[in-house]
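The chain contents come next:
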Amino acid sequence: AQSVTQLGSHVSVSEGALVLLRCNYSSSVPPYLFWYVQYPNQGLQLLLKYTTGATLVKGINGFEAEFKKSETSFHLTKPSAHMSDAAEYFCAVEGNQFYFGTGTSLTVIP
Amino acid sequence: EAGVAQSPRYKIIEKRQSVAFWCNPISGHATLYWYQQILGQGPKLLIQFQNNGVVDDSQLPKDRFSAERLKGVDSTLKIQPAKLEDSAVYLCASSSPRTSEETQYFGPGTRLLVL
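Protein chains in written order, with the working numbering: chain G, 1 to 110; chain X, 1001 to 1115.
If you're looking for bench data, these hints aren't it; they were derived computationally from the structure.
As the structure is a prediction and not an experimental result, all values here were calculated from the model.
Do not rely on the hints blindly, as some may be mistaken.
[What the hints assert, rightly or not] Computed footprint of chain G on chain X, listed as stretches where at least three residues anywhere in the stretch have a Cβ under 8 Å from a Cβ of chain G:
1. 1018 to 1026
2. 1062 to 1076
[Stated by the list, open to error] Sample of chain X residues lacking proximity to chain G, with all beta carbon distances greater than 12 Å (derived):
3. Val1004
4. Arg1009
5. Ile1012
6. His1029
7. Gln1080
8. Glu1085
9. Leu1091
10. Val1114
Glycine residues also receive a C-beta, built at the ideal position from the N, C-alpha and C atoms.
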């Protein structure tokens, strides 16, 4: 069975500050891991994904995430937040099934 | 490349009425998914099709929800009769057959309000 836990339903950062969105997973099989972003009234857009290979994954809009098997984590980071990053972010895991986390709402303060 | 299309974008109905949603996946994508996203929650998989066959419908409330993908292309999701708790955004996604990885591409969703 798979599950995803996103720590912090709301995160606020100042513009230009580091963005860190946390995701922990559980999976009985080697997982595929994803981060999606959802802007208001829009569909989900893939930010990045980890399948195999390099554990540091770079995605769109300057985001990256690192797969840490020992910590069962896949945290999303961005060195410098931009106003346009304000959105809902979802972590997802695919093993035998596909599961989304409950989401983290990111607010960027000017 | 055209994305996943869904219609309608918005629907308001009264409880006990019926409603249907339509999804047209990206051309060539064999796998199609329907998700329910309740406000403040992550999407929950309702049903997954591979071509016109059901792969996973374990979380589909089969007493009121049904879905079909008769020709292995577009799909409809129906709720009959609707309940207040069905108010949510219904997302459709599609992906190409798994090789070494599989990415789901999402449509804009259909926002359902049951009164």
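These are the hints, each one checked on the structure:
1. 1018 to 1026: violated (count 0)
2. 1062 to 1076: violated (count 0)
3. Val1004: 8 Å, violated
4. Arg1009: 9 Å, violated
5. Ile1012: The claim stands: X/Ile1012 keeps its Cβ more than 12 Å from every Cβ of chain G (closest is about 16 Å).
6. His1029: 14 Å, holds
7. Gln1080: X/Gln1080 is indeed farther than 12 Å from all Cβ atoms of chain G, at 25 Å.
8. Glu1085: Fine: 17 Å to the nearest Cβ keeps X/Glu1085 off the interface.
9. Leu1091: Check fails; 7 Å does not lie beyond 12 Å.
10. Val1114: 19 Å, holds
Comparing the model with each earlier hint shows violations of hints 1, 2, 3, 4 and 9; every other hint is respected.
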